[in-house]
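Engineer: On the provided structure of chain A, position chain B as indicated by the hints.
2 protein chains.
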Amino acid sequence: MPPMSKKLPTRQEDYSLWYNELVKRAGLAENSAVRGCMVIKPYGYAIWEKMQRQLDDMFKRTGHENAYFPLFVPKSLFEAEEKNAEGFAKECAVVTHYRLQTDPDRPGKLRVDPNAKLEEELVVRPTSEAIIWSTYKNWVQSYRDLPLLINQWANVVRWEMRTRLFLRTAEFLWQEGHTAHATAEEAVAETRQMLDVYAEFAEEHMALPVVKGVKTPNERFAGAEDTYCIEALMQDGKALQAGTSHFLGQNFAKAFDVQFANKDGVREHVWGTSWGVSTRLMGALVMAHSDDEGLVLPPKLAPIQVVIIPIYKTGELDALLERIKPIQMGLIARGISVKLDARDTERPGFKFAEWELKGVPVRLAIGARDLDAGMVEVVRRDTKQKMSLPLADIVASVDQLLTDIQTNIYERAKSFRAAHTTRVDSYDEFKRMLDEEPGFLLAHYDGTSETEERIKDETKATVRCLPLNEADEEGICMVTGKPSPRRAYFARAY
Amino acid sequence: MPPMSKKLPTRQEDYSLWYNELVKRAGLAENSAVRGCMVIKPYGYAIWEKMQRQLDDMFKRTGHENAYFPLFVPKSLFEAEEKNAEGFAKECAVVTHYRLQTDPDRPGKLRVDPNAKLEEELVVRPTSEAIIWSTYKNWVQSYRDLPLLINQWANVVRWEMRTRLFLRTAEFLWQEGHTAHATAEEAVAETRQMLDVYAEFAEEHMALPVVKGVKTPNERFAGAEDTYCIEALMQDGKALQAGTSHFLGQNFAKAFDVQFANKDGVREHVWGTSWGVSTRLMGALVMAHSDDEGLVLPPKLAPIQVVIIPIYKTGELDALLERIKPIQMGLIARGISVKLDARDTERPGFKFAEWELKGVPVRLAIGARDLDAGMVEVVRRDTKQKMSLPLADIVASVDQLLTDIQTNIYERAKSFRAAHTTRVDSYDEFKRMLDEEPGFLLAHYDGTSETEERIKDETKATVRCLPLNEADEEGICMVTGKPSPRRAYFARAY
Numbered sequence: 001m002p003p004m005s006k007k008l009p010t011r012q013e014d015y016s017l018w019y020n021e022l023v024k025r026a027g028l029a030e031n032s033a034v035r036g037c038m039v040i041k042p043y044g045y046a047i048w049e050k051m052q053r054q055l056d057d058m059f060k061r062t063g064h065e066n067a068y069f070p071l072f073v074p075k076s077l078f079e080a081e082e083k084n085a086e087g088f089a090k091e092c093a094v095v096t097h098y099r100l101q102t103d104p105d106r107p108g109k110l111r112v113d114p115n116a117k118l119e120e121e122l123v124v125r126p127t128s129e130a131i132i133w134s135t136y137k138n139w140v141q142s143y144r145d146l147p148l149l150i151n152q153w154a155n156v157v158r159w160e161m162r163t164r165l166f167l168r169t170a171e172f173l174w175q176e177g178h179t180a181h182a183t184a185e186e187a188v189a190e191t192r193q194m195l196d197v198y199a200e201f202a203e204e205h206m207a208l209p210v211v212k213g214v215k216t217p218n219e220r221f222a223g224a225e226d227t228y229c230i231e232a233l234m235q236d237g238k239a240l241q242a243g244t245s246h247f248l249g250q251n252f253a254k255a256f257d258v259q260f261a262n263k264d265g266v267r268e269h270v271w272g273t274s275w276g277v278s279t280r281l282m283g284a285l286v287m288a289h290s291d292d293e294g295l296v297l298p299p300k301l302a303p304i305q306v307v308i309i310p311i312y313k314t315g316e317l318d319a320l321l322e323r324i325k326p327i328q329m330g331l332i333a334r335g336i337s338v339k340l341d342a343r344d345t346e347r348p349g350f351k352f353a354e355w356e357l358k359g360v361p362v363r364l365a366i367g368a369r370d371l372d373a374g375m376v377e378v379v380r381r382d383t384k385q386k387m388s389l390p391l392a393d394i395v396a397s398v399d400q401l402l403t404d405i406q407t408n409i410y411e412r413a414k415s416f417r418a419a420h421t422t423r424v425d426s427y428d429e430f431k432r433m434l435d436e437e438p439g440f441l442l443a444h445y446d447g448t449s450e451t452e453e454r455i456k457d458e459t460k461a462t463v464r465c466l467p468l469n470e471a472d473e474e475g476i477c478m479v480t481g482k483p484s485p486r487r488a489y490f491a492r493a494y
Numbered sequence: 001m002p003p004m005s006k007k008l009p010t011r012q013e014d015y016s017l018w019y020n021e022l023v024k025r026a027g028l029a030e031n032s033a034v035r036g037c038m039v040i041k042p043y044g045y046a047i048w049e050k051m052q053r054q055l056d057d058m059f060k061r062t063g064h065e066n067a068y069f070p071l072f073v074p075k076s077l078f079e080a081e082e083k084n085a086e087g088f089a090k091e092c093a094v095v096t097h098y099r100l101q102t103d104p105d106r107p108g109k110l111r112v113d114p115n116a117k118l119e120e121e122l123v124v125r126p127t128s129e130a131i132i133w134s135t136y137k138n139w140v141q142s143y144r145d146l147p148l149l150i151n152q153w154a155n156v157v158r159w160e161m162r163t164r165l166f167l168r169t170a171e172f173l174w175q176e177g178h179t180a181h182a183t184a185e186e187a188v189a190e191t192r193q194m195l196d197v198y199a200e201f202a203e204e205h206m207a208l209p210v211v212k213g214v215k216t217p218n219e220r221f222a223g224a225e226d227t228y229c230i231e232a233l234m235q236d237g238k239a240l241q242a243g244t245s246h247f248l249g250q251n252f253a254k255a256f257d258v259q260f261a262n263k264d265g266v267r268e269h270v271w272g273t274s275w276g277v278s279t280r281l282m283g284a285l286v287m288a289h290s291d292d293e294g295l296v297l298p299p300k301l302a303p304i305q306v307v308i309i310p311i312y313k314t315g316e317l318d319a320l321l322e323r324i325k326p327i328q329m330g331l332i333a334r335g336i337s338v339k340l341d342a343r344d345t346e347r348p349g350f351k352f353a354e355w356e357l358k359g360v361p362v363r364l365a366i367g368a369r370d371l372d373a374g375m376v377e378v379v380r381r382d383t384k385q386k387m388s389l390p391l392a393d394i395v396a397s398v399d400q401l402l403t404d405i406q407t408n409i410y411e412r413a414k415s416f417r418a419a420h421t422t423r424v425d426s427y428d429e430f431k432r433m434l435d436e437e438p439g440f441l442l443a444h445y446d447g448t449s450e451t452e453e454r455i456k457d458e459t460k461a462t463v464r465c466l467p468l469n470e471a472d473e474e475g476i477c478m479v480t481g482k483p484s485p486r487r488a489y490f491a492r493a494y
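Chains as they are written, first to last, in this note's numbering: chain A, 1 to 494; chain B, 1 to 494.
Pulled out of the complex, with its shape left as it was, chain A reads as follows (with noise of 0.2 Å):
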């Protein structure tokens, strides 16, 4: 079933026709019969679930629990906290009809039952907040409910006209926490908190490196009073948002009157977060590592972390693959998963092209002549460094290398990432950056909502955040000559 006829175009040639085909063929997504919808296929779906899981992890660790709330948001509740319904009015696919019937001018065809139209139209979910604070009403009476620590796995629906795979599609996965507190200093500490899990989850699992900071107003999540952010960088120089968590103050409190009685018995509006992170980290994932031979996975994401293939002349399989076991088992054992590709209908050339494309870190081609010599031929995916290492000791040895891995692909990843920071202090040294070395740029600019706009018209860079973590540094915008206190993250983003 993989198409390994054709070479996958190179990053070089065309960055987001190699991003495409690659998710395509290495089996991680497709398009659907619905616009703008996507099929995860199985081998996607295999790290997403790894990803879940290990987020699902640490957010339980901080003290968070999963719920479920309704996929619908009746209209009146949609519309009650007013700048988030006006953010997500535009892109929002709308239940009005709760039946269909034949239709009677074409026999065997359907058609919308006109006399089965809703009420009141049902919203389907672009984000949760609405459904989930008309419901915190109910929960929340006094300071002993709080706070409200929760999380939802879900899917969420977004009316994008221009979708790609992963990265923008009208469906997507993903979890969103919200989260109800008695005072504005809890709240804000458990946003920051998030952001802290978010950035440990792609630094340490994804080998992501990223960029905390905190969005302008413009950029802000619509309901939000701050939103913070991840931002990471692609291989073609463009950013990506990888994940945001939003301190609500008490505009959701307010909207759905939900309020606690202090410990003095005196009532007060809650204070609110919001955060996620989707299936947009897949294709982060792909394109932060990935090469022109295909995915470059981080072991501790990878579905398959080894695959062994056995080189042996015809006959011989059976006899091979019995001196194979034992090394097989030994890895298991130590938590390693495995793949023994021994289809006798594929040439070892074939199997290493499709490992390679689907990004197993590491390849054990096993031969009898290798194993008589007490040697293994390992291959890491990452730097395509072949080794011959002793049998003797193997499973040790593959167990080290996935953990040299992990940390290469970060370090690379981090290295990429400095060499395509710059600082710049004038605006055309800023646009010829743009066009001819794309990266995060680290500029001066007044801070007012007039000059972002500007910038971003001009130029279709966008200020990705401010940095939380770095040092201020006052100077003079680079566009108006206005004073600017801190230097903002710069770049064109996806």
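Take these hints with a grain of salt, some might be off.
Copies of one chain are not kept apart here, so a pair can be met inside one copy or by any two copies together.
The calculated lysine-lysine pairs, modelled on DSSO-like cross-linking and capped at a C-alpha distance of 30 Å, are [claimed, not checked]:
1. K351 / K263
2. K24 / K137
3. K109 / K83
4. K83 / K137
5. K60 / K351
6. K339 / K137
7. K60 / K50
8. K24 / K254
9. K325 / K60
10. K6 / K386
11. K263 / K7
12. K313 / K263
13. K50 / K300
14. K339 / K325
15. K384 / K238
16. K50 / K137
17. K60 / K137
18. K263 / K24
19. K351 / K137
20. K384 / K351
21. K83 / K339
22. K6 / K263
23. K24 / K60
24. K386 / K254
25. K109 / K254
26. K7 / K339
27. K50 / K384
The set of hints was computed from the structure by calculation and includes no laboratory data. Remember, it's a predicted structure, so these values are computed and weren't measured experimentally.
Structural biologist: Positioned in the frame of chain A, the structure of chain B alone reads:
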């Protein structure tokens, strides 16, 4: 937050009200602002997660992989398999527009944008055969691509008019397996295998004895050639269909033109199956085991298996907790999930009632005097039996007790079912039993749809299934006197 003020209604008083109140008060689920849709609360979701994890492992062990397909089904695909379309058309939510706009007549309110009407309506999936088989067309070319063994965890929507928490909701969560095979025999074997998986899950994890059987044509899944099911008996003597596995024949393959080249190069349509269980299982779990004090959860699915409640005098809590810690750690080290309820604001009696309501299988009440005497007070939830057990081997004792409780709950449900399964040979007796001693009725009928309909109309009882693993016994239809090759299971059902 848990409303402990009122006692639950008893099962005897009002079984239906008892169920509904229990689901809400134990924190499993509640109704939402959306007609017919529920909110699954954290404690309920934690049980569902345990079910998911176990089922997912079982699916993977039988060779299945997870994937994800779109939420929406374009109308033209939805109507392609005629019987399936006909079966679900009457209860499906339909998306007709993709944008809201400010309502010019009502400031601050939104309305559907009349200029954003979809060219083709989208049905919110009530089940995914249509969207999945339209995809399989591209995935299957040759016999080498078969079997295709895929499962999806998803939400689905069926516009039910009368809804009940977990048992019948407009939106519910489920898994749906969709497989494709080269031969009818293989597909039937898959259908039966997954029925066995469901039965094993129900019996060994939910402690729920089930009858495996096949549905009559009247009760078949729309678009299937055969529907297999597992049927369970609730404490009010009504049956509940707990899972179904469908042999689809070539119906969907033909509707979506899914063909493969066999080993001789001849093109044939593939053979399909689909199978699913849903959050309905949560309803079955509650109804089968719980009592008038609250939930009774089988240890294998209980989010909290053991609750520890300190018994102390004012000022002595901290010292006691120090002595409790080793017990708690010992249980955790054994893989048991433990909750230490150290709230200083509630009395032990209140805590006892709360954890009883929530169905925690084992309760340890630990006071300094018992510890001094080397004993611990242990209460099991299923029988309410109170024991004083030696502190020295408390961890092993509790572990064994959890196993015993799991077995006991299952055996108890099995005895209940045996006591409420009756062979009846006359229609009068059949009707009398339904009213006076409801349960499974094993009866002969002539196997026609007409008689089945008549029985349903006259008694509200349906053929639950023709059992798979019971000896056939010829007889005479209790209604028409015509010959019957075997007895069927009848019951009133959820």
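Engineer: Identify every previously stated hint that the structure contradicts and give their numbers, smallest first.
Structural biologist: Per hint list: 21, 24 violated.
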